[in-house]
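**Q** Residue strings, one per chain:
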Amino acid sequence: MSFYGLVDGTDASLKRYLDALPGVDQVGADARAAMLATRSIKTTSKRWAIDTAISMVDLTTLEGADTVGKVQALCAKAVRPDPTDLTIPSVGAVCVYNDMVATARTHLDSIGGHHVGVAAVSTAFPSGRASMAVKIQDTQDALNAGASEIDMVIDRGAFLSGQYIDVFNEIVEIKELCGDRAHLKVIFETGELVTYDNVRKASFLAMAAGADFIKTSTGKVAPAATAPVVLVMLEAVRDFYSMTKTRIGVKPAGGIRNTKDAIKQLVLVNETAGPEWLTPSLFRIGASALLNDLLMQRMKMDDGYYASPAYVTID
Amino acid sequence: MSFDYAPAPESRAVVSIKPKYGHFIAGKFVAGSKHFPTINPATEEVLSHIALAGKAEVDAAVKAARKAYTTTWSKMSGKERGKYLFRVARIMQERAREFAVLETLDNGKPIRESRDVDVPLAAAHFFYHAGWADKLEFAGLGTSTKPHGVAGQIIPWNFPLLMLAWKVAPALAAGNTVVLKPAESTSLTALLFAEVCQQAELPAGVVNIVTGDGSTGALIVNHPGIDKIAFTGSTEVGKIIARAVAPTHKSVTLELGGKAANIIFEDAAIDEAVEGIVNGIFFNQGHVCCAGSRLILQESVADEVLEKLKSRMAKIRVGDPMDKNTDVGAINSKEQLIKITELTAAGDAEGAQRWSAPCELPTKGFWFAPTIFTGVTQAHRIAREEIFGPVLSVLTFRTPQEAIDKANNTPFGLSAGVWSEKGSRILWATQQLRAGVVWANTFNKFDPTSPFGGYKESGWGREGGRHGLSAYLKGVGHE
Chain A
1 MSFYGLVDGT DASLKRYLDA LPGVDQVGAD ARAAMLATRS IKTTSKRWAI
51 DTAISMVDLT TLEGADTVGK VQALCAKAVR PDPTDLTIPS VGAVCVYNDM
101 VATARTHLDS IGGHHVGVAA VSTAFPSGRA SMAVKIQDTQ DALNAGASEI
151 DMVIDRGAFL SGQYIDVFNE IVEIKELCGD RAHLKVIFET GELVTYDNVR
201 KASFLAMAAG ADFIKTSTGK VAPAATAPVV LVMLEAVRDF YSMTKTRIGV
251 KPAGGIRNTK DAIKQLVLVN ETAGPEWLTP SLFRIGASAL LNDLLMQRMK
301 MDDGYYASPA YVTID
Chain B
1 MSFDYAPAPE SRAVVSIKPK YGHFIAGKFV AGSKHFPTIN PATEEVLSHI
51 ALAGKAEVDA AVKAARKAYT TTWSKMSGKE RGKYLFRVAR IMQERAREFA
101 VLETLDNGKP IRESRDVDVP LAAAHFFYHA GWADKLEFAG LGTSTKPHGV
151 AGQIIPWNFP LLMLAWKVAP ALAAGNTVVL KPAESTSLTA LLFAEVCQQA
201 ELPAGVVNIV TGDGSTGALI VNHPGIDKIA FTGSTEVGKI IARAVAPTHK
251 SVTLELGGKA ANIIFEDAAI DEAVEGIVNG IFFNQGHVCC AGSRLILQES
301 VADEVLEKLK SRMAKIRVGD PMDKNTDVGA INSKEQLIKI TELTAAGDAE
351 GAQRWSAPCE LPTKGFWFAP TIFTGVTQAH RIAREEIFGP VLSVLTFRTP
401 QEAIDKANNT PFGLSAGVWS EKGSRILWAT QQLRAGVVWA NTFNKFDPTS
451 PFGGYKESGW GREGGRHGLS AYLKGVGHE
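Those protein sequence lines, which keep their order, are chains A and B. For the first sequence, UniProt numbering begins at 1 and goes up steadily by one. For the second sequence, UniProt numbering begins at 1 and goes up steadily by one.
Hints were generated in silico from the structure; no laboratory data involved. Check before you lean on any hint, since a few could be wrong.
Cβ pair distances, simulated, as ranges [to be verified]:
id : chain 1 : residue 1 : chain 2 : residue 2 : range
1  : A       : M243      : B       : G351      : 31 to 37 Å
2  : A       : G69       : B       : D267      : 55 to 61 Å
3  : B       : A31       : A       : K42       : 38 to 44 Å
4  : B       : D4        : A       : D85       : 22 to 28 Å
Being a predicted model, the structure only gives us computed values, none of them experimental. All C-beta atoms, glycine included, are put in the ideal place defined by N, C-alpha and C.
Modelling step: build the complete structure from the supplied sequences, incorporating the hints.
**A** See below:
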């Protein structure tokens with residue numbers, strides 16, 4: 001592996017690479033994110049943003065109570081978010097545990113959803129507390145079942161104790177396993193990394209190790225995808241692009257529940273990484289409840305009033 | 001389609017602008033004799049006609065202020081004065097949208113700034129000083145203090161309502177009455193504030209507002225019935241005022257020009273520093289006396305910072321100030337645009353390299369694209385003179401001491417900024433900088449509790465905080 005020529009795979013080179021990163025001033029990052037949250041997105045822009053956001057949703061169910069029935073319903077919703085309006089785009093992917101991957105893939109294919117990806121959470125999601133052998137098997141299972149995207153968690157314990165090389169090596173191994181079969185999203189669980197300096201460090205670490213996407217959170221820990229955290233990650237992919245000419249995607253997940261929040265995310269993308277990132281191949285939003293709010297707001301733009309929630313399906 | 005934000009204009013229906021205004025004297029609006037037009041600098045539309053106060057009007061205003069001082073305001077308890085100030089503050093909040101829209105129409109600044117900065121801060125100044133009104137014995141001037149009497153206050157056009165608040169709130173809290181003159185190009189929010197005074201049932205004559213140009217200002221400065229002069233504006237006019245009041249009994253505070261250094265050390269948080277540079281010089285179109293107009297960059301990070309700055313500047317949204325997504329609005333007047341154009345031409349002539357953000361400027365109104373000059377040295381006019389526009393001069397340094405020497409090498413001393421992730425470096429640098437306000441890892445942050453004012457030719461005295469309040473008080477025995 002060449003790691004973009006940024007590191008040579010040794011602990012020392014990784015340390016040098018990470019130590020050279022400038023710090024993040026928390027107050028300044030918070031202020032910038034808050035300023036961008038004041039952007040007023042109306043009329044044609046809002047309509048465009050809603051449809052773009054729908055196409056970026058990774059429609060997610062990650063519950064112990066997930067069943068085949070539940071996952072099939074999710075798939076139907078993913079392909080045709082509103083069965084009465086086929087101009088609405090499908091979502092980017094469905095996101096499930098690895099034992100549900102085959103169910104999801106088969107069902108999506110059977111209902112004309114070949115274009116919708118299946119993302120599997122992996123590497124002992126959500127805690128990441130397992131042996132490497134287990135993490136590899138976990139990922140292998142998902143790939144064998146037809147996952148086109150792997151959402152792996154990093155070992156936050158290793159990261160917080162400064163064992164960056166361990167985190168790096170895990171990502172490298174999982175990336176090798178994914179090969180050309182699946183896109184790799186690396187989940188930081190920013191709520192556990194806590195500082196923006198750590199978020200930036202994790203971003204650059206994961207990108208050099210081969211991540212295709214960097215993702216904020218599992219959705220199991222709060223706070224999750226806060227605006228300043230996403231801002232810092234978008235700055236990281238922007239700077240990584242200027243260093244390597246490779247565009248890495250960003251996926252906020254957790255806490256984005258309504259259209260307003262989703263549009264704020266798109267504004268962050270537009271004014272930080274740039275409009276090139278406003279595509280499902282470079283920006284995804286991990287969510288479940290969000291999709292229905294996007295649909296409600298879309299109906300409101302068409303009809304001029306808020307419909308009863310009974311008009312959107314609850315799957 | 002791409003993510004071009006559709007126009008999101010704030011409605012101007014919330015304000016009603018009269019075709020013609022008079023003065024506010026002794027609690028009443030009185031007709032003016034001569035008038036001049038006030039325009040919206042973004043469209044050149046004539047908004048209204050403003051009265052030009054002459055000797056008779058200024059005399060009447062001073063007389064009303066004196067009467068109110070002697071008969072009412074100086075006799076009232078601090079607690080009662082505080083109630084009036086709280087009431088004014090609350091009404092300003094209630095009418096915040098009206099103030100914001102009017103300020104943007106008259107001044108050209110973006111609605112986002114008038115809505116999120118000017119108006120809330122103006123109200124905050126009244127709230128803060130309302131709290132002081134009954135605690136003046138703790139202002140550090142001994143247990144027995146007195147107001148000066150009648151304060152003459154002259155304010156600039158860059159933050160019309162906020163500068164009014166900086167002047168009127170402490171004066172009233174301390175027990176003075178005021179005669180205030182707004183800048184000739186931006187009188188409308190002061191006249192709306194006069195309505196607020198009526199609504200708050202402030203006793204007649206406590207606040208008097210006369211409009212006009214420099215000639216009206218001169219009448220106030222030279223009026224024998226005034227005890228204290230407070231002025232915010234150019235250093236040139238500040239010097240004239242200082243000379244005028246020198247042989248008189250008047251107290252004076254001056255808040256004048258600046259040419260602030262914004263120093264970026266190599267260990268700064270670069271992305272936030274870039275935001276700080278943008279906020280330092282492009283906030284309010286650079287019409288800010290404390291603007292970070294000289295960027296002093298450590299050479300080891302200069303290229304990286306400039307590259308990021310340019311790509312950030314390319315995203316600045318310049319245009320209709322009433323659009324909620326506008327970042328940089330219109331230059332306040334044709335005269336100011338001519339001054340900016342002239343000084344930037346001097347930058348070209350002296351060999352600095354100009355780069356402007358690639359933005360489309362409206363055809364009507366007064367506009368200047370956000371601009372930086374690189375290759376600037378201390379010997380350039382654009383490194384020495386206040387441009388008062390969206391123009392940044394970039395200088396570099398090799399050692400921390402060199403940064404400080406360059407920062408201090410100016411007749412001004414209003415503000416400065418320091419960017420570093422190293423605490424000891426920030427503490428060291430802030431001790432060396434000869435500026436009244438030094439921001440660390442931020443810029444252009446204001447708060448009523450924080451004193452603001454200049455060293456050297458940037459002014460006399462402070463505004464805000466206990467220090468600012470003390471400018472409107474004197475210890476008994478110091479008359």
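**Q** Can you let me know if the beta-carbon spacing of B/A31 and A/K42 is within 38 to 44 Å?
**A** At 42 Å between Cβs, range holds.
**Q** Using the C-beta atoms of A/G69 and B/D267, is the stated range 55 to 61 Å upheld?
**A** Given a distance of about 56 Å, which is inside 55 to 61 Å, the answer is holds.
**Q** Taking the Cβ atom of B/D4 and the Cβ atom of A/D85, is their distance within the range 22 to 28 Å?
**A** The hint (22 to 28 Å, Cβ to Cβ) holds, given that B/D4 and A/D85 are roughly 25 Å apart.
**Q** In this structure, is the beta-carbon distance linking A/M243 and B/G351 contained in 31 to 37 Å?
**A** 33 Å, holds
When each numbered hint is compared with the structure, no violation occurs for any of them.
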